[in-house]
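There are 2 protein chains.
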Amino acid sequence: MWTYPSTWANPEKKDPMKPKLAITMGDINGIGPEILVKALARPDVQELCEPVVLGSARVLETARDHAPLCPPATLVTDFARTVLPAGSIPVIEGPVPIPEYHPGRLDPQAGRCAVEWVKQAVGMALARKVAGVVTCPINKEGIHLAGYDYAGHTELVAELTNTRDYRLCLFADQLRIVHNSTHCSLIEAIRLVKADRIAVTIRLGHAALVRLGFARPRIAIAGVNPHAGEAGAFGREEIDELRPAIERCSAEGIECSGPHPPDTVFLRMLNREFDMAVAMYHDQGHIPLKLVAMDSGVNTTLGTPIIRTSVDHGTAYDIAGKGVAREESLCAAIRLAVQFAEAERS
Amino acid sequence: MWTYPSTWANPEKKDPMKPKLAITMGDINGIGPEILVKALARPDVQELCEPVVLGSARVLETARDHAPLCPPATLVTDFARTVLPAGSIPVIEGPVPIPEYHPGRLDPQAGRCAVEWVKQAVGMALARKVAGVVTCPINKEGIHLAGYDYAGHTELVAELTNTRDYRLCLFADQLRIVHNSTHCSLIEAIRLVKADRIAVTIRLGHAALVRLGFARPRIAIAGVNPHAGEAGAFGREEIDELRPAIERCSAEGIECSGPHPPDTVFLRMLNREFDMAVAMYHDQGHIPLKLVAMDSGVNTTLGTPIIRTSVDHGTAYDIAGKGVAREESLCAAIRLAVQFAEAERS
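Chain order of the listed sequences is A and B. All residue numbers for the first sequence refer to the numbering used here, where the first residue is 1 and numbers rise by one. All residue numbers for the second sequence refer to the numbering used here, where the first residue is 1 and numbers rise by one.
Read the hints as simulated data drawn from the structure, not as lab findings. Where is the CB? At the ideal position from N, CA and C, for every residue including glycine. Just to be clear, a hint being listed does not mean it is correct.
Claimed, not checked - Here chain B is said to cover these stretches of chain A; the calculated rule only asks that three of the stretch's residues, wherever they fall, bring their Cβ under 8 Å from a Cβ of chain B:
#1 180–188
#2 285–292
Claimed, not checked - Per label pair, the in silico range of CB-to-CB distance:
#3 A:K194 with B:I239: 25 to 31 Å
#4 A:D173 with B:N271: 45 to 51 Å
#5 A:E188 with B:R128: 48 to 54 Å
#6 B:R236 with A:R211: 36 to 42 Å
#7 A:L106 with B:L270: 26 to 32 Å
#8 B:K322 with A:D65: 55 to 61 Å
#9 B:V96 with A:L270: 39 to 45 Å
#10 A:L84 with B:I239: 34 to 40 Å
#11 A:A207 with B:I239: 35 to 41 Å
#12 B:E247 with A:E255: 47 to 53 Å
#13 A:R164 with B:Q174: 40 to 46 Å
Model the full assembly from the supplied sequences, consistent with the hints where possible.
Shown next, in the form of structure tokens:
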């Protein structure tokens, strides 16, 4: 078992049952370090979890200029031997050399570190040393220049956990959107509109909401075509693939409906008619979510054996290092990871 | 020239230059009649235009229960001979028998009337008897049962005006979205992502905004694939088709940019970074618009030789006849038609 000392600044509030979360810094030259210190400075976040950061201790210290209330970093190489000073945040740097900190600079070495930190964090979660993983943004160009071929965190985490059936799910307030496909061309996304695959998407979304405490979540399946195909006039995927998937899942006892016209289903979910929507392609789900919750969306991977949540924004090189980036999305990601972790424990 | 007497209830405010608009009632069994009387009861709408309704005088009178301030209807068969009582609204019923008024009932004859009223209204606009056409919702199932094969108003108006290059454009506050395609399957919409067609879409959107008074509208072209294709990793349409179209239009002096990631471009437009977005398919534009402005969106057809605007919602049979439907979208459609008409006159 993972046994690093609990060291929050406010020991009387310390809850030994607080879940431990591995939080990756992401690309050091993006906004990851500053949103990380801002989030860890917040009492509500400190109450929720015990973090261990996978990232650069030095960069974290530099970023603390933007959030002096963030506890200081303590570099940990060996938990058994390291005595963490009271009120410090353990930071694991890992074996890959960390480059100079240059906010806004695209650096393949920063991409390499970001990927390695995710690998370490996932390893810790698989070994049950942490309850879950929360990730700060990586830069895809950076990780590609570093020689990795991942489309993003989702695919990386799936590979590391040897997961075949996984789905990206976005959360923001009333919006909960699980995607039948994500990082592929739109034409490929249409090819993935198959009854078997859609049924898996529905089941994964349903299971996640049940874990989060919904007794009988109402799941709306969006069509792929305009007006959900208008009875076949604008495409047959709704008739040939979506309806069979919905019927199959309904027969399994899942409360799912549709296919619904895509242009109103998200508004209806905002109005609490549904608890979750199943989106047929990346932008069908991402357009409404970004519009409603640009700063507070959370991205999570369903179907993996570990809990993994993430901010729902990029590295934002253009504002990195300026201290203006908002930590809301990261805080929401931490909260969701804690919710999943507590559900797992109970 | 069209010379029916101007007869608004408030003669001292009467502006002889107010544009005349043909307003179609749409499907009588939908919410068309009630939103029509609610809109025509509003002083701001009365100030803006002189309406002539294509619809049922009797249904209009019945609907006035929901908006007693709406001027009464006067059935007109021959404008040269009809003396309109002061403060009444001219109504043309046309040659097709009007069925019984049954709010919420799907009736092919109501569909037939709705189509014929649009045909008459477009004929009046082509003959310059009215400055433009504003349409209330039709029910697609109804018009199909009546034997017509139109996907919607847009296609009907395009056919009636013999227009080949036309585009659906949605307006709502800060959002102005012109669509490269609309009523077809998503896979067909991807096939229509071709440089020539996109250039036409950009030019039509640009021309519309220039007419509305934008000196140099900033037009954002959305990608078709996630992240606008991520440099070809998720599809090549952005590289092969969108970029050439954007370059061509830029060379013509149009301020256009992109292809932009579809999931943030609409938020950026809301934040006034762009004046218009070009959407690559129906739902890419309709999802954000419905989310931001469910009740106040306006739908217009660009490229036709006549001005045509429409409500951006359906017949809503479920609430028809109850007087609860909101007239905002119709009022916005009237305002936009007047804006276009005044631009044409100046």
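Going down the list of hints, with the structure as the test:
1. 180–188: Holds, because 7 residues of the segment 180–188 of chain A bring their Cβ atoms closer than 8 Å to Cβ atoms of chain B.
2. 285–292: holds (count 7)
3. A:K194 with B:I239: 25 to 31 Å: 28 Å, holds
4. A:D173 with B:N271: 45 to 51 Å: 20 Å, violated
5. A:E188 with B:R128: 48 to 54 Å: 50 Å, holds
6. B:R236 with A:R211: 36 to 42 Å: Distance hint for R236 (chain B), R211 (chain A) holds at roughly 39 Å.
7. A:L106 with B:L270: 26 to 32 Å: With a Cβ separation near 29 Å, L106 (chain A) and L270 (chain B) satisfy 26 to 32 Å, so the hint holds.
8. B:K322 with A:D65: 55 to 61 Å: For D65 (chain A) against K322 (chain B), whose Cβ atoms are near 60 Å apart, the range 55 to 61 Å holds.
9. B:V96 with A:L270: 39 to 45 Å: 40 Å, holds
10. A:L84 with B:I239: 34 to 40 Å: Taking Cβ atoms as reference, L84 (chain A) and I239 (chain B) lie about 51 Å apart, which means the hint is violated.
11. A:A207 with B:I239: 35 to 41 Å: 39 Å, holds
12. B:E247 with A:E255: 47 to 53 Å: 50 Å, holds
13. A:R164 with B:Q174: 40 to 46 Å: 43 Å, holds
Of the numbered hints stated above, those contradicted by the structure are hints 4 and 10, listed in ascending order.
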